[in-house]
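A.B. asks: The primary structure of each chain is shown beneath.
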Amino acid sequence: MTAAAIQLHDLQKSFGLARIIQGVDLSIEQGERHAIIGPNGAGKSTLFNLITGKYVPTAGQVFMHGQDVGGLKPYQINRMGLSRSFQITNIFAKMTVFENIRCGLLWSMGYKYSFWHLINRQRAVSERADEILENINMTARRDELAGVLTYAEQRALEIGITIAGGADIIMLDEPTAGMSASETSYMVDLIRKVTKDKTLIIVEHDMGVVFDLADRISVLVYGEIIATDTPQKVRQSAAVQEAYLGSALEEAH
Amino acid sequence: MSLFIVNILDGLVTGLLLFMLCSGLTLIFSMMGVLNFAHASFYMLGAYFGYQISTYVGFWPGLVLAPVIVGVIGAAIERYGLRRVHQYGHVPELIFTFGLALLIEEVVQFFWGKSQMAFEAPEALKFAAFSIAGNAFPAYKLFMIFIAIGVFLVLLYILTKTRIGMIIQAALSYPETVQNLGHNVPLIFMGVFGVGTAMAAIAGVIAGPVLGTFPGMAVLLGSIVFVTIVIGGLGSLWGALAASLLIGWLQTFAAAYNLRMADLLTAIGLSEPVDMAESMLSDLWTLTLPQVGPILPYLLMIIVLALRPQGLFGKRET
Amino acid sequence: MSVDNQSLAQRRAPLVPIRSALPWLIASGFLLLLPQVFPSGAGLTIMNQMAITIVFALAYNMLLGQAGMLSFGHAVYMGLGGFFCMHLLNQVEYNDLYLPLPLLPLFGGLFGLFFAFLIGSFSTRRAGTVFAMISLGVGELIAACSIIIVVFFGGEEGVSGDRTMGPEVLGFDFASQLEVYYLTAIWLVVAALGMYLFSRTPMGRIANAVRDNEERAEFLGYSQRYVRWISFCASGFFCGIAGALFAINFEILTEENLNLATSGSILLITFLGGVGFFIGPVIGAVVFTLLQTVLSLYTEIWQLYLGILFVLTVMFFPFGLTGLIAMHFRPWNLGKFGLLVRPYAVMAVPALVFVSSAVAVMEILFHARHASIGDEEMNLFGLTINTHSQVPLLVACVAVVVSFLVIKRLAPGLKEAWDEANHQERGAP
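Protein chains in written order, with the numbering used here: chain A, 1 to 253; chain B, 1001 to 1318; chain C, 2001 to 2429.
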């Protein structure tokens, strides 16, 4: 029985007196596609940052493949097989698209801190990078500076960099934010294609995307998970409806 | 004992002077995220303007006018220089303020030349306030202490008790929110920068007669100021106060007591090398505390950084 | 699909070495022939100074431009390397240490590397402003220590030595300026090549990544802290080489080599040249050395001009001189460079008048204020001017204002031409 890909045990995070995450228990299996939804301010980004090592838990544990990763630095967690994308596009604007992807490959292909390899001569890296570019349909833009891409292209590149290292747990933070309907459905297909056989954890506001992609959904409200279930059951849950409706009522006032 | 008290007071003067510079710097840094490398240059401008005005109408008008002039110059630099560079990022901002420091030093030399100005304390204060067992303590230094404490109290009052202070504190953390509430944040930035530089100028006017008014005065004090706020913790006003006083006392006491390393080493049993001139350790043996004084702030910074990287009062990053 | 494969294969072909080696071969040839063009002692001195500054600036840019780390105290790594080399030279002279002079820079580099490793262990934990302040503190600490630790730093007089005392290499004893020039030039090429190749390694690329986006870089598996540390060490190594070349050239190192002024000037040089380009520091070093040597012959306030130039560069041309030149590549590539010629020519006249009259104002004011009593006349642009009469100053001021107004009027036209020259037609390849 393989350990869950990600397991959160009574996870808590406070900033000073503000308790953002108030005891979260969650278990995500390997190969599962899991979405985390919730109203604004529920703590989704904080939860993400706790899992990926940006924040240290105030209490509770984060387990990755059965190992406690609380307090580890982001790069250590990444080396253990977890990769994430960012809500605000976080690519290397001054490098070309190709170089962006290539940077994502270097560690996983063993180059580490090498200053004795000439990177342009490394066939294996270049070929792998071109492969990934094809996977995300960015081959045509290979030699453009990443900064001049359109928003949707940058988001696609972001996905590309995220999966480049071969991590088996992929975490995407609102990957379709700010996209039109056609761009969104394109993105969903892309995500489904590149995360095949991997564990996917995704934070999203777009319910269409969530129901399209997710095997299970967790609903995060005020730092607590009020429901974890299949999309169908979550949609019908009274508690969830109240949480969303309730917050809508509050906003109306 | 009396020497001890004199040193306490002297150290207080130095520390408070340092704090006047550090507080303005901290305010600007907390507010705008930019560390004004040219801050000590505004201190220098204050001294020079104070001197120039004092040659026309006397010291006291200089004390009032020089900070105002420098504050206006500072605000203008923020509006037309810093704001422009801000869009390029933090590193260009730092480089800009560094270039500014360079430029101000050259401009000062252009107008006033390279030699020291005869900036004198006002006649009214040229007496001994009191003496402690034969050591006279000049009234001017007492005056410096009062001015510095006065400035600090005014700053504290403004920040905590007035409306504009509240707005500044809010804008410190959430500039966009404050702007959306209708406050003119760019104007506040300009004002804070102007006030910060004006404070540095006040320090310059009162320090000019004592520490000397010459083109190198900014560089001399500048690096100590930055070391001090790193020790106190970037962005913390109380940290700046604590660190300034600490450094002030450290330097004053180091200069006053001629402890010799040779005495210390022989006390623990090591014997002096016979031929001091040829020995490799001659520097160590001839070391005296006054010699080490100037480098103590830097040493302290390294120690603090090693043990507590966020500074004494700094906030740890999550 | 097959077309894509084909172009993919073409792009995957390894770079032909000759094509990328060409600039280096040309540069080396240029350096080789330079003494023929400027054989005088003064010429060689300037060229040597330029070479040393270029190595130092390139090393500094490894940190600033490539790793995004601003250091205010970088002179110490060059200085320490230099001091170490001076001691080695003294050992060669007095203690029969066998060390051929051409190998000296290697040891300078190693010493610089050693100190960068030591100091980087705590200074590179944080980036940005904190790193800059720490570098300032450490730099000042070491500079201040140099007065105290006389045994290594030589106190007020510094450490001097003789480069000719070592074993002869291929018949050279390096007493002549020309021999020193060739030694310096060879090391310049070697060091520059080393730094260039470093930027093309995985480490160099990741340093860029950390510079642009440290959070992202961590999620590529890299510890931003170690990346910064390694970049710092690499920079320290090449700074040490520059220090060694300084020691060889000038045969004396003093506290001046460690102080804030030197750290500041290398920042100025690198930024002026352009931090975003490999060749930027080279251009910055050349221009600065020329300004420093030539300008200082004609005016006493050349440092003021340099300061003004620096601040203007930060404000309006943060990409430096190289950036200014690189800006023109796009119009050139689009074939529209011709559009710019006339606007530039037209603008050149008032610009020239503006600059010269502004300079005149400053020179006259400076002379009027600081010249010795009775010295009423000065030589400006070949004219003799009485600085104590109002007329010249008035003329210059008027010229400044008028030319400024003309420039303001012409500016929109230039901008239009510029936009047009950069505009790519829709559908064009």
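These aren't lab readings, by the way, just hints derived from the structure by calculation. Be aware that a few hints might be false.
Not the full set, but computed from the structure, chain C residues with beta-carbon under 10 Å of chain B [claimed, not checked]:
{"hint": "1", "residue": "VAL2150"}
{"hint": "2", "residue": "PHE2271"}
{"hint": "3", "residue": "LEU2312"}
Just a sample of chain C residues kept apart from chain B, beta carbon distances all over 12 Å, derived [unchecked claim]:
{"hint": "4", "residue": "LEU2070"}
{"hint": "5", "residue": "LEU2141"}
{"hint": "6", "residue": "ILE2149"}
{"hint": "7", "residue": "PRO2167"}
{"hint": "8", "residue": "SER2265"}
{"hint": "9", "residue": "GLU2300"}
{"hint": "10", "residue": "ARG2330"}
{"hint": "11", "residue": "VAL2341"}
{"hint": "12", "residue": "ARG2342"}
{"hint": "13", "residue": "LEU2393"}
{"hint": "14", "residue": "PRO2412"}
Since the model is a prediction, treat every value here as computed from it, not as a measurement. Cβ atoms here follow ideal geometry from the backbone N, Cα and C, with glycine treated the same way.
A.B. asks: Out of the numbered hints, which ones does the structure contradict?
C.D. replies: Hints 4, 5, 6, 8, 9 contradicted; others consistent.
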